[in-house]
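Respectively, the protein sequence lines represent chains U and C.
Numbers in my numbering are just positions in the first sequence, counted from 1, shifted up by 1050.
Numbers in my numbering are just positions in the second sequence, counted from 1, shifted up by 1050.
By construction, these hints were calculated from the structure, which means they are not laboratory data.
Keep in mind that the hints are not guaranteed to be accurate.
Heads up, the list lumps identical chains together, so a pair's fine if it works in one copy or across two of them.
Quick list of in silico lysine to aspartate or glutamate cross-link-like pairs, DMTMM-like style, CA-CA up to 25 Å [to be verified]:
{"#": "1", "residue 1": "Lys1082", "residue 2": "Glu1225"}
{"#": "2", "residue 1": "Lys1455", "residue 2": "Asp1497"}
{"#": "3", "residue 1": "Lys1455", "residue 2": "Asp1510"}
{"#": "4", "residue 1": "Lys1082", "residue 2": "Asp1519"}
{"#": "5", "residue 1": "Lys1065", "residue 2": "Asp1272"}
{"#": "6", "residue 1": "Lys1065", "residue 2": "Glu1380"}
{"#": "7", "residue 1": "Lys1082", "residue 2": "Glu1228"}
{"#": "8", "residue 1": "Lys1455", "residue 2": "Asp1425"}
{"#": "9", "residue 1": "Lys1455", "residue 2": "Asp1398"}
{"#": "10", "residue 1": "Lys1333", "residue 2": "Asp1536"}
{"#": "11", "residue 1": "Lys1333", "residue 2": "Glu1295"}
{"#": "12", "residue 1": "Lys1065", "residue 2": "Glu1083"}
{"#": "13", "residue 1": "Lys1065", "residue 2": "Asp1245"}
{"#": "14", "residue 1": "Lys1065", "residue 2": "Glu1225"}
{"#": "15", "residue 1": "Lys1455", "residue 2": "Asp1395"}
{"#": "16", "residue 1": "Lys1333", "residue 2": "Glu1216"}
{"#": "17", "residue 1": "Lys1082", "residue 2": "Asp1497"}
{"#": "18", "residue 1": "Lys1455", "residue 2": "Glu1258"}
{"#": "19", "residue 1": "Lys1065", "residue 2": "Asp1511"}
{"#": "20", "residue 1": "Lys1333", "residue 2": "Asp1395"}
{"#": "21", "residue 1": "Lys1333", "residue 2": "Asp1443"}
{"#": "22", "residue 1": "Lys1455", "residue 2": "Asp1272"}
{"#": "23", "residue 1": "Lys1455", "residue 2": "Asp1245"}
{"#": "24", "residue 1": "Lys1455", "residue 2": "Glu1063"}
{"#": "25", "residue 1": "Lys1455", "residue 2": "Asp1509"}
{"#": "26", "residue 1": "Lys1082", "residue 2": "Asp1536"}
Number of protein chains: 2
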Amino acid sequence: MTGPEATTAADLEEKLALMEGTRSSFGGLSPKERAAVLDTIADALDSAGSGLVGLAMAESHLPESRLSSELARATFQVRQLAERARSGEQLVATIEPADDRFALGPRPDLRSVRVPVGCVLVFAASNFPFAFSVLGGDTASALAAGCPVMVKAHPGHPALSAATFEVALGALPTELREVLQIVFGVECGTAALLDHRIRAGAFTGSTEGGRALFDLAASRPDPIPFYGELGSVNPVIVSPGVVRERATALIEGYVNSFSLGVGQFCTNPGLLFVPAGHQILEKMVDVVRAVEAAPMLGDWVAERFDEHLDRLAQRGTVRAVHRGTASGLERSPSLFATSLSTIGDDFDLLNLECFGPSSLVIEYESSTQLLAFADRLAPSLTATVHALNDEHDFVRPLVELMVEKAGRVLMNGWPTGVAVSPAMQHGGPYPSSTASLYSSVGGNAIDRFLRPVSFQNFDDDLLPPALQDANPWGIARVVSGRRTTDSVERRGS
Amino acid sequence: MTGPEATTAADLEEKLALMEGTRSSFGGLSPKERAAVLDTIADALDSAGSGLVGLAMAESHLPESRLSSELARATFQVRQLAERARSGEQLVATIEPADDRFALGPRPDLRSVRVPVGCVLVFAASNFPFAFSVLGGDTASALAAGCPVMVKAHPGHPALSAATFEVALGALPTELREVLQIVFGVECGTAALLDHRIRAGAFTGSTEGGRALFDLAASRPDPIPFYGELGSVNPVIVSPGVVRERATALIEGYVNSFSLGVGQFCTNPGLLFVPAGHQILEKMVDVVRAVEAAPMLGDWVAERFDEHLDRLAQRGTVRAVHRGTASGLERSPSLFATSLSTIGDDFDLLNLECFGPSSLVIEYESSTQLLAFADRLAPSLTATVHALNDEHDFVRPLVELMVEKAGRVLMNGWPTGVAVSPAMQHGGPYPSSTASLYSSVGGNAIDRFLRPVSFQNFDDDLLPPALQDANPWGIARVVSGRRTTDSVERRGS
């Protein structure tokens, strides 16, 4: 981990002042203008793709194919957010003309629109050097909302972070170059989070780190929203029928999902519940053994992973079925097992995320035992059930419980792979997220950085364009409860 | 303040368990069923109106006309939220069918819908015994979202609180009677806020009290959203033209607004900025003197109000223009004055809300001086400017600043009177709100209690009704980006 030096306090102050200086002009862009800025950034990232991927390979040790497709995903995401910005729908422009005959007495002309919250601080993640880093989903959604963004770079890929930043900078119009800033170093990140100009924080990473930052944000004299997407165990529950009828496919899918990307995904399936008495573990071990070792993101990740495995292995209630290899940064998958009948009250450890290629298989005796246990699991980003078509009675109560415990519930699939889609919810109840009403991918990600403001009894020329009678931006608005792009006629003015 | 005794810990536990027990059945109601529950409650409150208003008069000392219209407003609000619930729009049902040819690789069927966050704790306010109390906007929006509600009653109107609760209880279907609970006492309120079954808090009241509760909510092992609508100073800026051409109307409007309801509104205009050298204060004093004294909500309000006036009067930089009368609970309006040229750095006190009939007039020398000062004001629920049609150059930079500092900006109007409207934003940046992305009146109030959940690759019969292919609830959904009430056809399944 070499790279740019930690940002000094003086440099931070300068960057904060510069970005704050662009807030008004950037926030004032029309939907089309802002979308164009994002599209230009996406194009520039694509053009610089091979160079960026090379840097990412050197720093993250992830393979080229994975990084190329991750970059494609990141630029797709920027363009999707550009499209959302262009639509103007995120502004929720709402117009209620004056009404002298309103039931509760005369009502003045009232119009509301969402405005950017102000400067946003984004903490980049290690495991997605493109999709959750300098120009990942958090940055893109804040920019799409009209907010300047300061990225606190992740120390796992500093050179890539600096290069990505430079590419984006080159794509920004000269007068808007200061809307994007980058800083390095933990201290600088926490200092920025406490600065009055920062109006929201976003983070993807560990529960420990995320909670510390959430606490800081809440402790401010003026608390700000902190959108933390934290660690997650992502339980998967397998029905008796699936083990009986398609064990091979299940095992392959499972091992592939928990070892994908060397297990370094927040949606990694950390727990697999299987019915007792099916010798599924024996079959699983062969598949696990066949997975080749691959390098983890860095020393600090590999060390924490090893420590986690050691702690699990020492746990009297947990059996190490297979301990993978460890050489330099390279790790091959490990597998642990236990059963609900032996685990007793010792499941605190199971609620801790394991960041790396390891998973825990837990045997259950009955549906009743399973439901009672699942009720005590901490919430996750995802929860999954595998079952046959004729096992819906088994599934139904589990799904009801999973909806309480996760942001995304899956049937007969694997949680790794987070579709960038308006129907995606990436963020479940705490601890998987500090703000489970929002998603950091797809869905309402852009809404995290927009604040509604009402304008009462305003002359047309003093209103923001989104609310002016003539609808100069041509966006969809809700006028007297009806969705329309029409202009508005005022009565008696 | 006599009335029900403080709820004991054992009673609190019982009530929490009861409401948690209804969470699933209440959350599972169809939009129409839930709307019907709310409509029935509104009808019952209207029917019990005269008795409730009588109780409210005895406990709040507010006049009958005000309380009757406040009750009408509260039931209108319940019905408006019922209508919103009925529409199903708050569910933001979003369907993205499986797509094998998606740009980033095959995409599974993904559908999202918003689900109730769980039990909600509402802290009632003193100053709106109907509209911000037991069945006020917070309770109604949580119920409309499908969340059971525990109300922590305000000690200012305990008998009314108990009676309102009983009326609502009588209107609830037998099997849902436990969705609404009421508790009394500060300790009980804070204990409930820390209970794991409570998933969100809502509050209207003082900055001090609200911040303490916000801190508690954020300190939990599992932090929950806390929607606090706190104190507010609500500055009003008057242009030179208005003072010159319509001083009389301005003065009458101002004095009426800050003394309305004995000044006990969170939207009370606490600061009036006027151009220097216009003798406007002299004219104002006559109008202030003419306002009759009226009783405040209770001892504790009157005492805090008197203390505030004493502190202001002792301030060397502030001049007591008129000190109103004080007798028992009755107070008549007071008026203070200062100028930007003499105030210097002593404006901390101006950022403190005065809850009662008093306001501070501040003279400014120039537009430049005004803008520099306004930039240092703490955010408020509202900010207002009064100007003539030919003074838009004066207004424009002020409005830009006000948008940063308030949830609602008004032209040539008064901030008291909060329209229950989809275009209303009641909540500005901190300290006026702990969650300025939401409004506690109209707007997105219901969204505060809904959490998105995605369902990936689900069989139709296991999906919640809002997401099933046939659209059994007939609600508007977004299918592949298009808003429709149509059913969905699956490809190849």
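Copy assignment of Lys1065 with Glu1225, given that the CA separation must stay at most 25 Å: within (15 Å within a copy, 59 Å between copies)
Alpha-carbon proximity between Lys1455 and Asp1395, which holds within one copy, between copies, both or neither at 25 Å: For Lys1455 and Asp1395, the Cα distance is within 25 Å only inside one copy (19 Å; across copies 51 Å).
Identical-chain pair category, Lys1455 with Asp1425, by Cα at 25 Å: within (8 Å within a copy, 44 Å between copies)
Same-copy or cross-copy closeness of Lys1065 to Glu1083 [CA-CA at most 25 Å]: within (24 Å within a copy, 54 Å between copies)
Up to 25 Å CA-CA - Asp1395 versus Lys1333, copy category: neither (28 Å within a copy, 75 Å between copies)
Alpha-carbon proximity between Lys1455 and Asp1509, which holds within one copy, between copies, both or neither at 25 Å: between (48 Å within a copy, 20 Å between copies)
Intra- versus inter-subunit Cα pairing at 25 Å for Lys1065 with Glu1380: neither (38 Å within a copy, 54 Å between copies)
Same-copy or cross-copy closeness of Lys1082 to Glu1225 [CA-CA at most 25 Å]: within (17 Å within a copy, 52 Å between copies)
Homo-oligomer pair classification [Asp1511, Lys1065; C-alpha up to 25 Å]: Result: close neither inside a copy nor across copies, 34 Å intra and 54 Å inter.
Within, between, both or neither, where Lys1082 and Asp1519 count as close if Cα-Cα is 25 Å or less: Result: close within a single copy only, 19 Å intra versus 35 Å inter.
Same-copy or cross-copy closeness of Lys1333 to Asp1443 [CA-CA at most 25 Å]: Close neither inside one copy (28 Å) nor across copies (77 Å); limit 25 Å.
Within, between, both or neither, where Lys1455 and Asp1510 count as close if Cα-Cα is 25 Å or less: between (47 Å within a copy, 21 Å between copies)
The structure does not agree with the numbered hints 6, 10, 16, 19, 20 and 21 stated previously, though it agrees with the rest.
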